[in-house]
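**Q** Sequences are here, hints too, so could you generate the full structure?
There are 2 protein chains.
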Amino acid sequence: MKVYLSPDELPRKWFNIVPYLSEPLPPPLDPETKKPVSPEKLLVIFPMPLIEQEMSMEEWIPIPEEVLQIYGLWRPTPLIRALNLERFLETPAKIFYKHEGVSPPGSHKPNTAVSQAYYNKISGIKKLATETGAGQWGSSLAFATQFFGLECEVYMVRASFKQKPYRRILMELWGAKVEPSPSPHTKAGKQFYEIDPEHPGSLGIAISEAIERAFEDKSTNYALGSVLNHVLLHQTIIGLEAELQMQKLGLYPDYIVGCVGGGSNFAGLVFPFLKHKITGEHPQTEFWAVEPEACPTLTKGEYRYDYGDTVGLTPLIKMYTLGADFVPSPIHAGGLRYHGDAPLLCALYHHGFIKACAYPQEEVFKAGVLFARTEGTVPAPESAHAIKKVIDLALECKKNKEEKVILFNLSGHGYFDLSAYDAYLRGEF
Amino acid sequence: MKVYLSPDELPRKWFNIVPYLSEPLPPPLDPETKKPVSPEKLLVIFPMPLIEQEMSMEEWIPIPEEVLQIYGLWRPTPLIRALNLERFLETPAKIFYKHEGVSPPGSHKPNTAVSQAYYNKISGIKKLATETGAGQWGSSLAFATQFFGLECEVYMVRASFKQKPYRRILMELWGAKVEPSPSPHTKAGKQFYEIDPEHPGSLGIAISEAIERAFEDKSTNYALGSVLNHVLLHQTIIGLEAELQMQKLGLYPDYIVGCVGGGSNFAGLVFPFLKHKITGEHPQTEFWAVEPEACPTLTKGEYRYDYGDTVGLTPLIKMYTLGADFVPSPIHAGGLRYHGDAPLLCALYHHGFIKACAYPQEEVFKAGVLFARTEGTVPAPESAHAIKKVIDLALECKKNKEEKVILFNLSGHGYFDLSAYDAYLRGEF
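Protein chains in written order, with this note's numbering: chain U, 1 to 429; chain P, 1 to 429.
Note that these hints are calculated values from the structure, not bench results.
All values reported here derive from a predicted model rather than from experimental measurement.
All residues carry an ideal CB built from backbone N, CA and C; glycine is no exception.
Some hints could be false.
[As the list claims (entries may be wrong)] Part of the chain U face toward chain P, derived, beta carbon under 7 Å:
no., residue
1, Lys2
2, Gly72
3, Leu73
4, Leu173
5, Phe273
6, Leu418
7, Asp422
8, Ala423
9, Arg426
[As the list claims (entries may be wrong)] For lysine-lysine, the following DSS-like pairs were computed, each having C-alpha atoms within a straight-line distance of at most 27 Å:
no., chain 1, residue 1, chain 2, residue 2
10, P, Lys162, U, Lys126
11, P, Lys275, P, Lys13
12, P, Lys366, U, Lys162
13, P, Lys398, U, Lys248
14, U, Lys177, P, Lys366
15, P, Lys277, P, Lys355
16, P, Lys366, U, Lys366
17, U, Lys2, P, Lys2
18, P, Lys162, U, Lys366
19, U, Lys94, U, Lys355
**A** Encoded structure:
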């Protein structure tokens with residue numbers, strides 16, 4: 001059962017949760033001076049409108065008409081009741097999911113990619129550089145830049161470049177230039193490339209290459225797919241739509257669940273609802289952030305200042321972290337292998353508004369397969385983390401005979417992750 | 001710009017165009033007696049409700065509630081105005097597409113797969129056997145059978161089984177048993193398998209294997225993904241939705257375009273509109289069937305009785321055909337490599353209600369890339385045939401300064417065909 005919104009019900013403002021924090025968010029620190037980073041310094045790699053959003057205290061920020069038009073290609077996304085899954089579990093709980101996998105790049109990422117491309121375009125930027133691991137973010141930015149006539153340069157971790165040709169092709173089809181990283185074209189890449197032209201690379205090196213390009217060239221900026229406040233802001237379109245859709249059903253969620261890598265799909269769904277918990281309007285709702293056991297940032301990390309990348313080029317940000325040099329084991333949910341989390345999400349977790357849990361990969365894939373076989377849609381391995389928690393909550397409702405309402409974010413489809421499902425079905429992990 | 005229908009606007013009846021034919025459709029002939037096939041003979045491989053639909057003279061056939069519920073997972077599908085493509089072409093024409101790629105299997109095929117699975121289930125059948133080439137149809141049937149607890153056995157052409165693992169995995173993820181064909185498990189397969197266990201196979205052999213399984217076992221039936229009247233009937237949900245969506249805009253299409261392999265996605269979009277041409281209500285609309293030059297069934301075939309398969313197991317059907325032994329060159333649009341076409345579509349073409357044209361592969365991919373770069377969605381190579389014609393029509397409108405309305409069927413997405421796009425982008429064809 002699908003709950004639609006009509007195109008004219010598409011929200012026209014993003015929601016900023018920062019005004020609802022009980023104390024100011026600890027500011028990012030300059031790695032050299034250890035003092036708060038000045039907006040001017042950020043201007044070297046980000047356009048002013050995004051820096052303003054990064055620091056904004058306004059609750060509502062209008063979505064530009066040009067962005068709304070592109071959102072309109074796939075938004076509003078459907079809210080679907082997982083009736084078949086409910087029946088299979090024999091649970092009295094009502095399970096709903098917001099299906100972000102219907103976007104052309106197949107995940108929630110274009111919500112911010114399109115917005116970032118737009119603000120860079122109106123700021124006179126000609127090219128965006130970024131990094132990508134498995135290719136989710138890179139393909140979303142490639143998709144977004146083509147609408148505004150921007151060039152897009154993606155540094156793709158060489159191991160993925162070789163093993164995951166589909167996302168590389170997708171980026172090229174959308175007109176992006178994809179470089180296997182480490183590349184010989186940047187100082188950061190060269191030092192690794194010259195030792196070994198087949199170096200498998202890492203997200204840390206790829207970030208350094210992309211940032212170097214933005215530092216180097218005035219008409220090139222850098223774009224990040226998660227973690228930052230403005231990225232989370234753009235993703236709130238998910239939760240704002242979901243709120244309207246739940247209203248149409250006359251329901252309000254008791255549990256809201258999302259997987260967390262950097263935190264953007266989770267925050268996007270959760271923040272508009274979390275506001276009502278903070279204000280006391282809906283104090284009962286529980287918010288669950290789900291992590292892989294292989295990268296348990298919230299559940300096992302420390303809350304302290306750390307670098308956003310592994311090389312130490314970014315500002316220091318206060319977050320739960322496993323350490324900037326933490327290397328998670330190579331699980332299939334590549335999008336959840338980040339040593340830290342969005343500072344905004346971390347602050348809310350620190351203040352007890354959000355709960356977190358972690359699951360091993362095998363249980364996550366078992367949940368993903370069950371979802372595919374009951375609801376028909378193949379979830380991304382990242383999203384399957386949320387599904388695992390939802391199943392556990394629904395079974396708890398069954399035990400306690402409680403008719404609770406569960407909402408989760410299906411952040412992306414798993415059609416480019418089928419080889420991981422194949423390995424699971426063959427008992428390889 | 002997207003035109004939505006709300007879930008309660010989902011059509012609840014399929015449209016049967018047969019009552020509007022000026023003369024009866026030439027019946028399928030028994031290959032032994034050369035007389036019209038009796039319904040009893042078809043009962044060996046099809047359930048009675050589908051045989052009744054195959055021969056029905058009723059204009060409207062109710063869609064079962066159980067089928068509507070599953071349709072509701074992705075239907076109604078959006079109708080989208082291709083504003084960016086219009087701007088790029090600088091055409092005064094308005095271009096709309098019906099996006100069937102949003103279904104979980106990624107094409108229009110589940111519209112009939114779900115219906116066929118349902119009717120087999122209520123007829124006491126336990127298993128469906130079918131063949132698949134590239135995997136579009138096989139994955140749709142795997143998707144559909146799981147909702148009704150039916151087993152699904154798919155004979156997949158061995159060459160595709162090896163080269164296209166993603167669709168094979170998708171079928172297995174949805175619980176189907178996938179056999180590379182020719183297999184050692186059927187008489188039809190064995191004769192090829194025993195000579196060469198690595199025989200690359202053909203659709204003809206795979207069809208023979210699947211039909212043999214249905215002949216052999218009373219609780220197993222066969223399911224076909226195109227060509228037959230009941231398949232085309234189930235697909236009319238596409239055109240019925242599109243009609244309502246165009247009504248909301250106060251528009252009526254001047255051109256309706258679709259690609260043709262067996263004819264089901266084309267007929268599904270076109271037939272509800274074609275009725276208004278036959279009745280004289282909208283006589284001006286042109287209907288364009290688009291084929292690959294490598295398999296020009298309507299444009300170069302003969303209208304005569306021929307076998308539906310290459311081995312000669314099926315009834316003889318009157319259709320445009322290139323000959324049952326015609327082997328098209330291995331183009332990337334695997335779904336369009338069929339020597340014949342649906343008899344219903346052929347009769348309407350024969351009587352001049354439909355026009356046809358054919359394009360070479362390179363022009364089709366050029367159109368597909370342009371679509372991906374303007375509208376964001378990557379079209380299946382099959383659907384890109386329709387896009388090529390739409391672009392030509394839109395450019396004609398530009399030349400003649402005509403503000404015509406063009407509607408086409410985006411029958412599926414191309415995310416499993418990215419290696420073909422890669423080959424095109426690298427200039428390999």
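**Q** Checking one constraint from the list: CA of Lys366 of chain P to CA of Lys162 of chain U, max 27 Å. Satisfied?
**A** 26 Å, holds
**Q** Please check whether Leu73 of chain U passes as an interface residue: C-beta within 7 Å of a C-beta belonging to chain P.
**A** Cβ of Leu73 of chain U sits 6 Å from chain P, so the hint holds.
**Q** Is the Cα-Cα distance between Lys398 of chain P and Lys248 of chain U 27 Å or less?
**A** With a Cα-Cα distance of about 44 Å, the restraint between Lys398 of chain P and Lys248 of chain U is violated, given a limit of 27 Å.
**Q** Is Lys162 of chain P close enough to Lys366 of chain U, meaning Cα to Cα at most 27 Å?
**A** 26 Å, holds
**Q** Less than 7 Å between beta-carbons is the criterion; does Phe273 of chain U satisfy it with respect to chain P?
**A** Not OK, violated: Phe273 of chain U not within 7 Å of chain P, min 23 Å.
**Q** Is the interface hint for Gly72 of chain U satisfied, with its Cβ closer than 7 Å to some Cβ of chain P?
**A** Because about 6 Å separates Gly72 of chain U from the closest Cβ in chain P, which is inside the 7 Å limit, the hint holds.
**Q** Between the alpha carbons of Lys162 of chain P and Lys126 of chain U, is the straight-line distance 27 Å or under?
**A** 43 Å, violated
**Q** At a threshold of 7 Å, is the proposed contact between Leu173 of chain U and chain P supported by beta-carbon distances?
**A** 5 Å, holds
**Q** Using the nearest Cβ pair, does Lys2 of chain U come within less than 7 Å of chain P?
**A** Hint on Lys2 of chain U: holds, closest Cβ of chain P at ~5 Å, below 7 Å.
**Q** Lys2 of chain U and Lys2 of chain P were given as a pair; does the straight-line alpha-carbon distance stay at or below 27 Å?
**A** 17 Å, holds
**Q** Can you verify the interface hint for Ala423 of chain U: is its Cβ closer than 7 Å to any Cβ in chain P?
**A** Because about 10 Å separates Ala423 of chain U from the closest Cβ in chain P, which is outside the 7 Å limit, the hint is violated.
**Q** With a cut-off of 7 Å on the beta carbons, see whether Leu418 of chain U makes it to chain P.
**A** 4 Å, holds
In summary, the numbered hints that this structure violates are 5, 8, 9, 10, 13 and 16.
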